[in-house]
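Trainee: Okay, so the sequence shown: first residue is 0 according to numbering that gives the first Met the number 0, each after it adds one.
Calculated from the structure, these hints are not laboratory results. In this text the structure is predicted, and so the values were computed from the model without any measurement. Keep in mind that a hint or two might mislead.
Claimed, not checked - Heads up, simulated DSSO-like pairs for lysine-lysine below, C-alpha to C-alpha not over 30 Å straight-line:
no., residue 1, residue 2
1, K86, K141
2, K141, K63
3, K84, K141
4, K84, K106
5, K122, K93
6, K63, K23
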Amino acid sequence: MAITYKYGNVPVNTIINGRRIKFKSKLEYRWAQHLEFMRQLGEITDWFYEFHTFRDFPENQPVKEYTPDFLVRLQDNSFEYHETKGKLSGFDIKKFKLVLMERPYVKLIVIFWGSPKISAHRKDQLDRFCHRVIYNARQMLKNEPIDMS
0 MAITYKYGNV
10 PVNTIINGRR
20 IKFKSKLEYR
30 WAQHLEFMRQ
40 LGEITDWFYE
50 FHTFRDFPEN
60 QPVKEYTPDF
70 LVRLQDNSFE
80 YHETKGKLSG
90 FDIKKFKLVL
100 MERPYVKLIV
110 IFWGSPKISA
120 HRKDQLDRFC
130 HRVIYNARQM
140 LKNEPIDMS
């Protein structure tokens with residue numbers, strides 16, 4: 000409940016592919032619909048919501064653990080982590096940087112629903128610390144059969 004008030008998120012409790020999932024936001028729900036669409040098309044093998052938590056960061060770091068929104072299994076059995084963002088904070092950047100520093104093999108994809116209002120410096124940081132950034136998922140998904148409300 001606190002997360003709803005703090006960030007204006009609207010939780011969504013639904014069933015996708017036989018799995019009951021309580022998403023923390025509509026953006027997570029929309030991205031899950033996209034991933035399920037991709038799975039049904041055979042573009043990805045599977046996806047999981049809040050499946051894996053990164054731990055064991057150095058003790059002197061403010062980040063103790065980090066759970067990306069989605070774990071996505073690709074066709075070649077490799078994995079990507081997808082993180083949906085409405086707003087970006089400096090703490091988010093620290094998490095992404097630590098994951099890259101501690102686990103350089105991890106592919107982290109950050110997804111924004113609309114064009115975020117972030118500085119060129121923050122965009123540069125995202126590009127350095129993430130495998131890929133999708134800056135306007137709404138535009139990307141407009142032709143998919145998903146809930147765009």
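Trainee: All hints are to be evaluated individually against the structure, with a verdict given for each.
Mentor: Evaluated hints:
no. : hint       : in the structure
1   : K86 - K141 : 21 Å, holds
2   : K141 - K63 : 37 Å, violated
3   : K84 - K141 : 18 Å, holds
4   : K84 - K106 : 16 Å, holds
5   : K122 - K93 : 14 Å, holds
6   : K63 - K23  : 21 Å, holds
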